[in-house]
Amino acid sequence: MFDFLEGYDLLGAFWVTVKLTVYSALGSLIWGTLLAGMRVGPVPLMRGFGTAYVNIIRNIPLTVIIVFASLGLFQTLQVKLGGGGDFEVINFRLAVLALALYTAAFVCEALRSGINTVPAGQAEAARALGLSFTQVLRLVILPQAFRAVVNPLANVLIALTKNTTVAAAIGVVEAAYLMKDMIEAEAQLILISAVFAFGFICLTLPTGLLLGWVSKKVAVKR
Amino acid sequence: MTTSVLFDAQGPRAKQRNILYTVVFVAALAAAAWWVFSSLAEKHQLDWVKWEPFFTSPQPWETYIWPGLQNTLKAAFFALLIALPLGALFGIGRLSDHRWMRMPSGVVVEFFRAIPVLILMITANAAYAEFTNLATEDRLLYAVVTGLVLYNASVLAEIVRAGILSLPRGQTDAAKAIGMRKGQTMRYVLLPQSVTAMLPAIVSQIVVIVKDTALGGAVLTFPELLASVRPMSANYGANTIACFTIIALIYMALNFALTSFASWLEGRLRRGKKSTGAVVGAAPDGGLEIVEAPPVKTGGTDKV
Chain A
1 MFDFLEGYDL
11 LGAFWVTVKL
21 TVYSALGSLI
31 WGTLLAGMRV
41 GPVPLMRGFG
51 TAYVNIIRNI
61 PLTVIIVFAS
71 LGLFQTLQVK
81 LGGGGDFEVI
91 NFRLAVLALA
101 LYTAAFVCEA
111 LRSGINTVPA
121 GQAEAARALG
131 LSFTQVLRLV
141 ILPQAFRAVV
151 NPLANVLIAL
161 TKNTTVAAAI
171 GVVEAAYLMK
181 DMIEAEAQLI
191 LISAVFAFGF
201 ICLTLPTGLL
211 LGWVSKKVAV
221 KR
Chain B
1 MTTSVLFDAQ
11 GPRAKQRNIL
21 YTVVFVAALA
31 AAAWWVFSSL
41 AEKHQLDWVK
51 WEPFFTSPQP
61 WETYIWPGLQ
71 NTLKAAFFAL
81 LIALPLGALF
91 GIGRLSDHRW
101 MRMPSGVVVE
111 FFRAIPVLIL
121 MITANAAYAE
131 FTNLATEDRL
141 LYAVVTGLVL
151 YNASVLAEIV
161 RAGILSLPRG
171 QTDAAKAIGM
181 RKGQTMRYVL
191 LPQSVTAMLP
201 AIVSQIVVIV
211 KDTALGGAVL
221 TFPELLASVR
231 PMSANYGANT
241 IACFTIIALI
251 YMALNFALTS
261 FASWLEGRLR
271 RGKKSTGAVV
281 GAAPDGGLEI
291 VEAPPVKTGG
301 TDKV
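In order, the protein sequence lines correspond to chains A and B. Quick note: the first sequence uses the numbering used here, first residue 1, plus one each step. Quick note: the second sequence uses the numbering used here, first residue 1, plus one each step.
Please note: incorrect hints may appear among the correct ones.
Result set (DSBU-like, lysine-lysine): computed pairs, CA atoms no more than 30 Å apart in a straight line [claimed, not checked]:
(1) A:K80 with B:K43
(2) B:K15 with A:K80
(3) A:K80 with A:K216
(4) A:K19 with A:K80
(5) A:K19 with A:K221
Selected chain A positions facing chain B (in silico; Cβ < 10 Å) [claimed, not checked]:
(6) I60
(7) L137
(8) L139
These aren't lab readings, by the way, just hints derived from the structure by calculation. Quick caveat, the model's predicted, so the values are computed rather than measured. Here a beta-carbon is modelled for each residue, glycine too, at the ideal position from N, C-alpha and C.
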């Protein structure tokens, strides 16, 4: 029944999906945290930059950003992000960059709502002890904020996992790309779709369950 | 000067330090801008010839951008029109007292939320090609709308559910007390009240729908706004950057208007006296919806 799978690297394609997800999740977590720091910080210019970044990126479709990374950055400006590599490697890197830049805006907003859940008294107490802004943020606010936003961040991560399919638009051979290929070559529409749907459920469902459990475990009881 | 609990009112030394940070940040931004500017200039992307068609003649707008934008809006409009009632149906279905209704609704909603829209679009496109004899241009629109509907109906179902659950239990109790049946309670008491709480989330879901139409252009060759870049840049001499700038600005203007409207609505509903003050938070991406209780009223909120 599943012999149409022969000759296709199904696991390989899903492995690329996983790699895209993990790399861009790490990138977006770092950049998103920095953005959140800028948005709540004391320097007006950085606050403005953070706000502008989030509002601009959130309102442009991810597809536009990814296609721009390929057509604009690579083909027009010859940005390759590191030397060497063939077409596919370069597009993989560009897809990671685009996904991380896009997702960071959502990570930043999730974190900012997490910062709002920390009682004002905590920050006031920290200031009363004489801690500077970076110390308040690093030692008191962010550790609690991160624990409060595990669930929203899990949703962002699940959305990111699904969003990696957009990389198919620039020829990164991940799950959606392979699926399109297979549908064109094989006459097994229903089965092929079922296999890929199942694959994504296998990726997103455990993420949600696991992080849901983690969020309950680490939640700050107030 | 905004006051924040995270840092003190600034004294002379802190002010100096801030100035230093500002200068360093400006320098970094300027360096980045210079790099972008010089690499654009090097590839002749800043030449006036490449930008001029958008400003001096209506031709690119009439031939490429406007038809593309029309298709984008058309797909988004139909998707919303179909997904909204479908979502309401499944959202209410998940709250049903009957297991046989609750279970399948839950399974359908969770299933379509777990799958990428692109996968749904590709499947729909192939299915229409195989089982129907639609003309290609209709088929692409149908496929894009089908993908958007399946995904967004399930997200909207969750918004509807969260909206109804955000109402105080007393509403249902009171309706029961005056002898309303379950259907009547839903129709006359719960739904009308929760619609206000849901509105901001629904408006921000429209942004997600508009953004996802671009998938149809990039992968299925549906001739929407993003898909107009390739022919346009081919026609006006490889002005890729200019084309992307223009369409990104259009998307931004459209979606920014929607997001601003959503947050204005949210603020208005929170402050309103007629509603409970509970609002289903805007779903920014991938169905991130939170029921927020009415904000605790404290003197001079100084949250960041």
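Hint by hint, here is what the structure shows:
no.: 1; hint: A:K80 with B:K43; in the structure: 15 Å, holds
no.: 2; hint: B:K15 with A:K80; in the structure: 41 Å, violated
no.: 3; hint: A:K80 with A:K216; in the structure: 42 Å, violated
no.: 4; hint: A:K19 with A:K80; in the structure: 19 Å, holds
no.: 5; hint: A:K19 with A:K221; in the structure: 35 Å, violated
no.: 6; hint: I60; in the structure: 5 Å, holds
no.: 7; hint: L137; in the structure: 7 Å, holds
no.: 8; hint: L139; in the structure: 12 Å, violated
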